[in-house]
Amino acid sequence: DQQVKQNSPSLSVQEGRISILNCDYTNSMFDYFLWYKKYPAEGPTFLISISSIKDKNEDGRFTVFLNKSAKHLSLHIVPSQPGDSAVYFCAARGGSNYKLTFGKGTLLTVNP
Amino acid sequence: DVKVTQSSRYLVKRTGEKVFLECVQDMDHENMFWYRQDPGLGLRLIYFSYDVKMKEKGDIPEGYSVSREKKERFSLILESASTNQTSMYLCASSLSLQAGGYTFGSGTRLTVV
Chain A
1 DQQVKQNSPS
11 LSVQEGRISI
21 LNCDYTNSMF
31 DYFLWYKKYP
41 AEGPTFLISI
51 SSIKDKNEDG
61 RFTVFLNKSA
71 KHLSLHIVPS
81 QPGDSAVYFC
91 AARGGSNYKL
101 TFGKGTLLTV
111 NP
Chain B
113 DVKVTQSSRY
123 LVKRTGEKVF
133 LECVQDMDHE
143 NMFWYRQDPG
153 LGLRLIYFSY
163 DVKMKEKGDI
173 PEGYSVSREK
183 KERFSLILES
193 ASTNQTSMYL
203 CASSLSLQAG
213 GYTFGSGTRL
223 TVV
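Listed in order, the protein sequences are those of chains A and B.
With the first letter of the first sequence counted as 1, position 77 gets the number 77 in the working numbering; the numbers rise by one all the way through.
The number in the working numbering is simply the position in the second sequence, starting from 1, with 112 added.
FYI, nobody ran anything at the bench for these hints, they're computed from the structure.
Just to be clear, a hint being listed does not mean it is correct.
[Unchecked claim] Far from chain B, by Cβ distances over 12 Å, these chain A residues were calculated: (1) Asn22; (2) Thr45; (3) Glu58; (4) Gly60; (5) Asn67.
[Said to hold, decoys possible] Derived DSS-like pairs (lysine-lysine); straight-line CA-CA distance at most 27 Å: (6) Lys71/A <-> Lys5/A; (7) Lys37/A <-> Lys115/B; (8) Lys5/A <-> Lys169/B; (9) Lys169/B <-> Lys37/A; (10) Lys37/A <-> Lys68/A; (11) Lys182/B <-> Lys165/B; (12) Lys165/B <-> Lys115/B.
Even for Gly, the Cβ is constructed at its ideal location relative to N, Cα and C.
Using the sequences plus the hints, can you model the full thing?
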C-alpha cells in the first residue's frame, strides 16, 4: 500500500517558467514532509521540508505548500533552470515508527 | 556537514556470490538505513538500524542481511547475489528518527551478471 504517491513520473518545463511537482499521502499520522533532489549516479540531497503545523515554506526559488485537509503537498520552483533537471522525491515522516516513506519520484526536465 | 561514504561507486558481481556493501558516517548518528532505487519503483527501504547491533527489516529485506558492529558503520550483505538485485543501493543516516531528514551517500551501482 503506497502511502506517498507521486502520480506524475515526469514533467517537462521551459527554462524560466514555474515547475510544480505534486505529492499525495494517505497516512494522517505523517507530521513532517521533505523533498529530495537526485541527479543520476548520485545520492539524493535534501531540498526543503515542511512541518504539518505550517502550510507553506519558502527557500529561495523553492516553495513547498501543504494542504492537510487534502493530504497534498506541492513543490514550486520559480524560475526553473536547466540545472534543476533531476528526479524529485517526496518523503513523509510520522506514523508508528517515524521512518521516512518516499514516493516513487518525478523526473523534471527543464529545457533551455 | 555530515558525510556518508559508500565504499564503492560501481560493483560487478557474479550470480551466487556473497556481496558486501559498506557505509560509514562521520557524525555519530544513531540511525542508518539501506535503500535500493529502481526505475519506476522509487526508493525502497531494505533494512535500518537505530543502534549498534540493532536492526529492523524494511519493506524488501528478502535476500539481504545487515551488520552494525560499530555506530559509524552499517553493512549490507547480499547472501547469494541474483540478477534481480542489480540496482542502485543508497545508504543514509540520521541523528534521530524524530530529527527530520536523512543524509544520503552517493550510492553504489551494483550489477549482478
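Comparing the hints with the structure gives:
no.: 1; hint: Asn22; in the structure: holds (15 Å)
no.: 2; hint: Thr45; in the structure: violated (7 Å)
no.: 3; hint: Glu58; in the structure: holds (17 Å)
no.: 4; hint: Gly60; in the structure: holds (18 Å)
no.: 5; hint: Asn67; in the structure: holds (21 Å)
no.: 6; hint: Lys71/A <-> Lys5/A; in the structure: holds (11 Å)
no.: 7; hint: Lys37/A <-> Lys115/B; in the structure: holds (17 Å)
no.: 8; hint: Lys5/A <-> Lys169/B; in the structure: holds (22 Å)
no.: 9; hint: Lys169/B <-> Lys37/A; in the structure: holds (25 Å)
no.: 10; hint: Lys37/A <-> Lys68/A; in the structure: holds (23 Å)
no.: 11; hint: Lys182/B <-> Lys165/B; in the structure: holds (8 Å)
no.: 12; hint: Lys165/B <-> Lys115/B; in the structure: holds (21 Å)
Hint check: a violation occurs at hint 2 only; the rest are consistent with the structure.
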